[in-house]
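Colleague: Chains as they are written, first to last, in the numbering used here: chain A, 1 to 113; chain B, 114 to 226.
These are calculated hints, taken from the structure and not from any lab test. Note that this is a predicted model, so its numbers are computed, not measured. Backbone N, C-alpha and C define an ideal beta-carbon position, used for all residues, glycine too. Mixed in with the good hints, there may be bad ones.
[Unchecked claim] According to the in silico footprint, chain B covers these stretches of chain A (three or more CB under 8 angstroms from chain B):
#1 13 to 20
#2 43 to 57
#3 75 to 86
[Stated by the list, open to error] Computed list of chain B residues with no C-beta within reach of chain A, every gap over 10 angstroms:
#4 Thr128
#5 Met132
#6 Gln135
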Amino acid sequence: SQQGEEDPQALSIQEGENATMNCSYKTSINNLQWYRQNSGRGLVHLILIRSNEREKHSGRLRVTLDTSKKSSSLLITASRAADTASYFCATDGSGGGADGLTFGKGTHLIIQP
Amino acid sequence: NAGVTQTPKFQVLKTGQSMTLQCAQDMNHEYMSWYRQDPGMGLRLIHYSVGAGITDQGEVPNGYNVSRSTTEDFPLRLLSAAPSQTSVYFCASSYHYGLTEAFFGQGTRLTVV
Numbered sequence: 001s002q003q004g005e006e007d008p009q010a011l012s013i014q015e016g017e018n019a020t021m022n023c024s025y026k027t028s029i030n031n032l033q034w035y036r037q038n039s040g041r042g043l044v045h046l047i048l049i050r051s052n053e054r055e056k057h058s059g060r061l062r063v064t065l066d067t068s069k070k071s072s073s074l075l076i077t078a079s080r081a082a083d084t085a086s087y088f089c090a091t092d093g094s095g096g097g098a099d100g101l102t103f104g105k106g107t108h109l110i111i112q113p
Numbered sequence: 114n115a116g117v118t119q120t121p122k123f124q125v126l127k128t129g130q131s132m133t134l135q136c137a138q139d140m141n142h143e144y145m146s147w148y149r150q151d152p153g154m155g156l157r158l159i160h161y162s163v164g165a166g167i168t169d170q171g172e173v174p175n176g177y178n179v180s181r182s183t184t185e186d187f188p189l190r191l192l193s194a195a196p197s198q199t200s201v202y203f204c205a206s207s208y209h210y211g212l213t214e215a216f217f218g219q220g221t222r223l224t225v226v
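Isolated chain A (complex conformation):
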């Protein structure tokens, strides 16, 4: 079953604007990851935030994590046309099992030139 759910499902903004995507999950986690998928390609890892971290930055990306609300957000600043892609959050369970990452359904981001 889906652990993470991204919101919104689709987002269209103008180039140069900031894009914010949200992810909610259901159970306790060790960490939360964000991935990008360009059309017809595999997923590419963007950033990993551990459950004891509240915020993390990588270039134009800013990720926050609120474990009390079981939610995370991904902010892309100064968007570019090349940021057009689908973005997925992925969680691993903290139950100790090795059953990998559980992905949400993704946010499809379109950057209008």
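Place chain B on chain A using the hints.
Modeller: Just chain B now, kept in the frame of chain A:
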């Protein structure tokens, strides 16, 4: 460094046929997994392996078999293809399950007619 290599990229099967999707990684990762991606469903885990000789079922294992005879290779076998197995299949590997980033192959687009 090739990363994760999947073959073939595209495949059309007739109902009832069998085939093997190949996955190889050259990063010496212990953890490998197979996902399927369907429209509106995100990625769902089929099978995973925490090391050579060890495999286990994920969320949607029915109709698929895996084996892990070497660290590098993790093939996925469709025993008797069904139209419901039409999907895009992704292989992924990581140094440690859930705690580190996953590297994805480019995917295999499978159509069962």
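Colleague: If you test the structure against every hint from before, which numbers come out violated?
Modeller: Of the numbered hints given earlier, those the structure breaks are 1, 3, listed in rising order.
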